[in-house]
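Chemist: Here's the letter readout for the chains.
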Amino acid sequence: MSRASGEEAMERKVKVPDEWIVGGHRFSSRLLMGTGKFQDAETMVGAVMASGAQIVTVALRRVGRIPQEDDMLGPLQELGGITLMPNTSGARNASEAIRAARLGRELCGSPFVKVEIHPDPHHLMPDPIETFEAARVLAAEGFVVMPYMPADPVLAKRLEDVGCASLMPLGSAIGSGRGLATAGMLRFILRDARIPVIVDAGLRSPSEAAAALEMGCDAVLVNSAVAASGDPIAMAAAFAQAVVAGRNAHRAGLMPRGDGAAMATSPLTAFLSVEGQ
Amino acid sequence: MSAWLDPSTWLDGKGSTPADVERALGCDDPGPRELAALLSPAAHPFLESMAQRARALTRRRFGRTISMYAPLYLANYCTNGCAYCGFASDRVQPRRRLEPPEVEEELAMLKEMGFEEVLLLTGERTSHAGFDYLLESVSLAARQFHAVGVEAFPMTAREYALLAEAGCSGVTLYQETYDPRRYDLLHRWGPKKDYLDRLDAPARAMEAGMRTVGLGFLLGLSDPVFDAVCLLRHAGHLRRNHWKSGITLSFPRLRPQAGNFTSTFPVDEAWLARLVFAVRIVLPDVPLLLSTRERPEFRDGMAGLGISKMSAGSRTTVGGYGGAEPATEGQFQVGDKRSVPEICAMLRNRGLAPVFKNWDSVFRDAEAGGHG
Chain A
6 MSRASGEEAM ERKVKVPDEW IVGGHRFSSR LLMGTGKFQD AETMVGAVMA
56 SGAQIVTVAL RRVGRIPQED DMLGPLQELG GITLMPNTSG ARNASEAIRA
106 ARLGRELCGS PFVKVEIHPD PHHLMPDPIE TFEAARVLAA EGFVVMPYMP
156 ADPVLAKRLE DVGCASLMPL GSAIGSGRGL ATAGMLRFIL RDARIPVIVD
206 AGLRSPSEAA AALEMGCDAV LVNSAVAASG DPIAMAAAFA QAVVAGRNAH
256 RAGLMPRGDG AAMATSPLTA FLSVEGQ
Chain B
1191 MSAWLDPSTW LDGKGSTPAD VERALGCDDP GPRELAALLS PAAHPFLESM
1241 AQRARALTRR RFGRTISMYA PLYLANYCTN GCAYCGFASD RVQPRRRLEP
1291 PEVEEELAML KEMGFEEVLL LTGERTSHAG FDYLLESVSL AARQFHAVGV
1341 EAFPMTAREY ALLAEAGCSG VTLYQETYDP RRYDLLHRWG PKKDYLDRLD
1391 APARAMEAGM RTVGLGFLLG LSDPVFDAVC LLRHAGHLRR NHWKSGITLS
1441 FPRLRPQAGN FTSTFPVDEA WLARLVFAVR IVLPDVPLLL STRERPEFRD
1491 GMAGLGISKM SAGSRTTVGG YGGAEPATEG QFQVGDKRSV PEICAMLRNR
1541 GLAPVFKNWD SVFRDAEAGG HG
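From first to last, the protein sequence lines stand for chains A and B. When we follow this note's numbering, the leftmost residue of the first sequence carries the number 6, and every step to the right adds one. When we follow this note's numbering, the leftmost residue of the second sequence carries the number 1191, and every step to the right adds one.
It is possible that part of the hints are untrue.
[Stated by the list, open to error] In silico DMTMM-like cross-links for lysine to aspartate or glutamate, where the CA-CA straight-line distance does not exceed 25 Å:
#, chain 1, residue 1, chain 2, residue 2
1, B, Lys1527, B, Glu1294
2, B, Lys1527, B, Glu1487
3, B, Lys1434, A, Asp125
4, B, Lys1434, A, Asp157
5, B, Lys1301, B, Asp1322
6, B, Lys1434, A, Asp45
7, B, Lys1301, A, Glu135
8, B, Lys1434, A, Glu111
9, B, Lys1527, B, Glu1349
10, A, Lys162, A, Asp197
11, B, Lys1301, A, Asp45
12, B, Lys1301, A, Glu146
13, A, Lys162, A, Glu24
14, B, Lys1383, B, Glu1349
15, B, Lys1527, B, Glu1302
16, B, Lys1301, B, Glu1532
Everything labelled a hint here was simulated from the structure, so no lab data went into it. In this text the structure is predicted, and so the values were computed from the model without any measurement.
With the hints as extra help, turn the sequences into a complete structure.
Modeler: Here you go:
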């Protein structure tokens, strides 16, 4: 292949829009952002802008009925071009999450909801049983349901079957920065998923976000990794680059992993070539 | 002492070496043994590295935010004889309670100051300010505030369930000291003399579906290392048995107050700071509170350094938020008298966001109130 034709091929590839669709909505950015833990609204908005995120999640427990100084919704709504995804963080069971979701739809004017149910307030692991129940009810009510879930391939299929718009398995415990500790389970989920898979929680570095996209995840969601970093705005930009790199690598196709064994001098299949001679 | 609480295994008297402290700091899953090491004299030279660790862990879990709350003293009637308390029944001072319209006035003032979380306080259960009074006050507060806590007296599981149903999301109850002998000595009379009833109350609150239970001990009453290890054991016990409830920890330190009680176990700021760092290291995911008992410079320094939640603009007198001169004396002396905007400005200057609303009343009702 000549140099010129190689460039043409690259251009062709770029021209095909690399979009992903969730609940009938089209997005080009594969980085979703959380909005908690920032030192101020200005930094949060700066990080969201630097990330290029088109879907931004907001904890309902941080949203006031009347706009206040520490309100996160106001500055985000002013940004434009952003789909707000209220989350039910704080809910201990399905009925709390369902009520929070309905309130979130009213306050944010968005059909998206990140169902987040963690009854244990310490490690904040999602409750598979309550999450399933809330997802079932909310999907039937027409929400674009994005469940934050344990990286469980069977639960993934169950959530898909009740009408979730995406799956959001955790990479590792929320806020832990332990990266893709669930990689093995994520591969099972990815192999069989009919809907987008977004790694949510546990990522610490852009390289881990890139790895998730290389693996075939449709997107990642980060919050702590940006908000608790040394420079949140610069880190948001770094994640944006990593996600693009990871996605492009996935599209390009990684080379096969070598098993380290050299080609045997006497191949085991050598006998096959003698047939009919 | 109950086996699950007994700290003696971890305080075997042999003392910790610098190597023990280093092991504790390098440990993946620190527990009571590590806490004891971090509180030993051997850990003093590690203060700065403990502070660094505490800040990193706090930032990872809570980000660059500090949750804000305000106490509201409903009544200062008391039948207990706590030797160290300004509200003890033998202190001669005007006693009163806020009548419901006054409660509403004070709540409105706190709301005006920007608060969304309020902690309602009373003394021991009395005919003036008993359970029904508290329940009514919780209902009033829950109408306006997203998070309502109660710091009063030990209750039955049924009572805690009723509070939760009325909109109470948290109960705070300090054991004061976990040392049963010191406890008996300091609590001279009154229902509070019942050490075990008080020790068991947080579990009853959780059983009743309370979201959060605040624990702590009063620094200055007893050996603080003993109390700290007991506190960790108490927290661990509650977590194992009531996995759906959260725990918060506070570090109230005895200050000069109405009773002129002199502490036999004084704790200085450096030690208090080390305690907060050590607890943050062993409990990375638990909110740690610091009240306005402490002076401004100390509070400023500790914000985000383990501490994730603070009160501001607090009045510890009954009816303190109203314009009138307080008729009663406070439960303790306020060390940080700055206004809410001043505290917020300080936090912002330190790169921390004050968060007033970190909860939503939408999470009430569904299952809470003991129906779950």
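Chemist: Run every hint past the structure and note whether it holds.
Modeler: Outcome of the hint check:
Using a Cα cut-off of 25 Å, the hinted pair B:Lys1527 and B:Glu1294 holds, with the two alpha carbons roughly 23 Å apart. Of the pairs offered as hints, the one joining B:Lys1527 and B:Glu1487 holds, with about 12 Å between alpha carbons and a cut-off of 25 Å not exceeded. Among the hinted pairs, B:Lys1434 with A:Asp125 is consistent with the structure: their alpha-carbon atoms are about 5 Å apart, no more than 25 Å. Between B:Lys1434 and A:Asp157 the CA atoms are separated by roughly 22 Å; this keeps the pair inside 25 Å, and the hint holds.
Restraint check for B:Lys1301 and B:Asp1322: satisfied, since their Cα atoms lie roughly 24 Å apart, inside the 25 Å limit. In summary, the hint linking B:Lys1434 to A:Asp45 is not supported, as the alpha carbons are separated by about 30 Å, beyond the 25 Å threshold. Pair hint B:Lys1301 plus A:Glu135 does not hold up; C-alpha atoms about 34 Å apart against a cutoff of 25 Å. With a CA separation close to 28 Å, the supplied pair B:Lys1434 and A:Glu111 exceeds the 25 Å bound.
For the hint pairing B:Lys1527 with B:Glu1349, the CA-to-CA distance comes to about 35 Å; that exceeds 25 Å, so the pair is violated. At most 25 Å may separate the alpha-carbon atoms for a hinted pair to count; A:Lys162 and A:Asp197 meet this at roughly 8 Å. For the hint pairing B:Lys1301 with A:Asp45, the CA-to-CA distance comes to about 22 Å; that is within 25 Å, so the pair holds. Note on B:Lys1301 and A:Glu146: the hinted pairing is violated, with a Cα-Cα distance of about 35 Å set against a maximum of 25 Å.
For the given pair, A:Lys162 sits about 23 Å from A:Glu24 by alpha-carbon distance, which is consistent with the 25 Å threshold. Simply put, B:Lys1383 and B:Glu1349 have alpha-carbon atoms about 20 Å apart, close enough for the 25 Å limit, and the pair holds. Pair hint B:Lys1527 plus B:Glu1302 holds up; C-alpha atoms about 18 Å apart against a cutoff of 25 Å. Straight-line distance between C-alpha atoms of B:Lys1301 and B:Glu1532 comes to about 17 Å, which keeps the hinted pair within the 25 Å bound.
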